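S.K.: Spelled out from the first residue to the last, the chains are:
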Amino acid sequence: MRFSKAIIPIALCIILLSLAVPAQRRKGRTATTLKPIVVAPINLDALKGLITQQREHPLLINFWATYCDPCREEFPDLVKIDKDYRPRALEFVTISLDDVTDIKTSVPKFLGSMKATMPAYLLDVSDPEPAIDLVDPRWQGSLPATFLYNDKGEMVYKHIGRVKPEELRAEIDKVIKKVEK
Amino acid sequence: MKTRNLSILLALLFVVAGVVFAASARAEGEIPAPPAIGATIGDFTLPDVDNKEQSLKSLAGKNGTVLLFISVQCPVSNAYNERMEKLAQDFKAKGINVIGINSNVAEDAAAAKAHAAEHKLTFTILKDAGNKIADKLGATVTPEAYFIDASNKLVYHGRIDNARNAAEVQSQELRNAMDAVVAGKAVEKTEAKAFGCSIKRA
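Which chain is which? The protein sequence lines are A and B, in order. Under numbering that gives the first Met the number 0, residues 0 to 180 are what the first sequence spells out, in order. Under numbering that gives the first Met the number 0, residues 0 to 201 are what the second sequence spells out, in order.
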């Protein structure tokens, strides 16, 4: 009798867990993470277009590289942010400053290991300085660097160095709330 | 008594956590700004990779000195090994000395020495433990160059050239600055943004 009483809550837990897991998978877009990661080259004109184009939603850009330790360290936080805010219409793209020869090797390999599903680019320029100046003349080009633009294309937040997730989330909340109103 | 000991232990943990947090916060971008072009760079001393103290004054060339922040592990810095050595060789006879500085906390003098031997870097490499000089000069990445003229004035700061890939080099800002000083001319482009791996600070 005692055994049968004890097994009821355990069975309930198992049933609830089995229901919860597929729900989480649906939210987490598991299907997309199984696709091979494609990293697209982005040149100066395309970068300019990305930043300045008219858009309906805020845009978050993270500049990174596989050789940059703090970039790799912050990536799990960025993947979580993408997962949490993409359903709320945040556009989030990453731009790698790795060598163009890494576009099909170490860059997608790292993104795959992080289960990153945001659109991924690699800066394809012979001289990075105009691109750095285009994004922010005061940015010295050190990585990682994260920039948030509102739906009008205005830069509303930037952070050079490893992101502080709570701070970044608070800034995203501000621009998303304005769009949602 | 046990409670008191526990309180002391907890207090110590808070202190240690505070120090760790301060160190990590320090590493996240609160790096001093680099000196302005034209500023005088004061003398300093650092040990070389053989642990022999060297001063900037003793290593300076008669026409100037290039300080190159370099790394053992950074692939961008390593892509420049041959170019850095070539600059050092080309300008030695012209009175400009190249000095490497390794400020990465994870790379000790022995690693820097082995790396120099492996990549045939013949210029002096200093070990900047505690990133004292990286802070003094506001250096953030490797490779990053500071060119000081004969009167210790900063005349160029930034990248070596425009491309990590040697085959794509179109503008050689550091070499141009060194050529200008040797020719007794003013440096045309005094700054160009350096790109590479972040210097891992203590």
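It is worth saying that the hints were derived from the structure and are not from the lab. Please note that the accuracy of each hint is not assured.
To be verified - For lysine-lysine, the following PhoX-like pairs were computed, each having C-alpha atoms within a straight-line distance of at most 25 Å:
1) Lys-79(A) with Lys-34(A)
2) Lys-51(B) with Lys-47(A)
3) Lys-163(A) with Lys-199(B)
4) Lys-157(A) with Lys-91(B)
5) Lys-199(B) with Lys-188(B)
6) Lys-112(B) with Lys-152(B)
7) Lys-188(B) with Lys-112(B)
8) Lys-184(B) with Lys-199(B)
9) Lys-131(B) with Lys-93(B)
10) Lys-56(B) with Lys-157(A)
11) Lys-61(B) with Lys-184(B)
12) Lys-188(B) with Lys-51(B)
13) Lys-108(A) with Lys-199(B)
14) Lys-184(B) with Lys-131(B)
15) Lys-34(A) with Lys-47(A)
Bear in mind that the values here come from a model prediction, so they are computed numbers and not experimental data.
S.K.: Look at each hint and say if it fits the structure.
M.R.: Taking the hints in turn, this is what the structure says about them:
1. Lys-79(A) with Lys-34(A): holds (18 Å)
2. Lys-51(B) with Lys-47(A): violated (50 Å)
3. Lys-163(A) with Lys-199(B): Holds, at about 18 Å.
4. Lys-157(A) with Lys-91(B): violated (42 Å)
5. Lys-199(B) with Lys-188(B): Violated, at roughly 28 Å.
6. Lys-112(B) with Lys-152(B): Violated, at about 29 Å.
7. Lys-188(B) with Lys-112(B): Status violated; Cα separation ~33 Å.
8. Lys-184(B) with Lys-199(B): Distance of about 36 Å is beyond 25 Å: violated.
9. Lys-131(B) with Lys-93(B): Violated. Lys-131(B) to Lys-93(B) sits at ~29 Å, over the 25 Å cutoff.
10. Lys-56(B) with Lys-157(A): violated (40 Å)
11. Lys-61(B) with Lys-184(B): Between Lys-61(B) and Lys-184(B) the Cα gap is close to 16 Å, so the pair holds against 25 Å.
12. Lys-188(B) with Lys-51(B): Distance of about 35 Å is beyond 25 Å: violated.
13. Lys-108(A) with Lys-199(B): holds (24 Å)
14. Lys-184(B) with Lys-131(B): Violated: Lys-184(B) and Lys-131(B) sit about 32 Å apart, past 25 Å.
15. Lys-34(A) with Lys-47(A): violated (28 Å)
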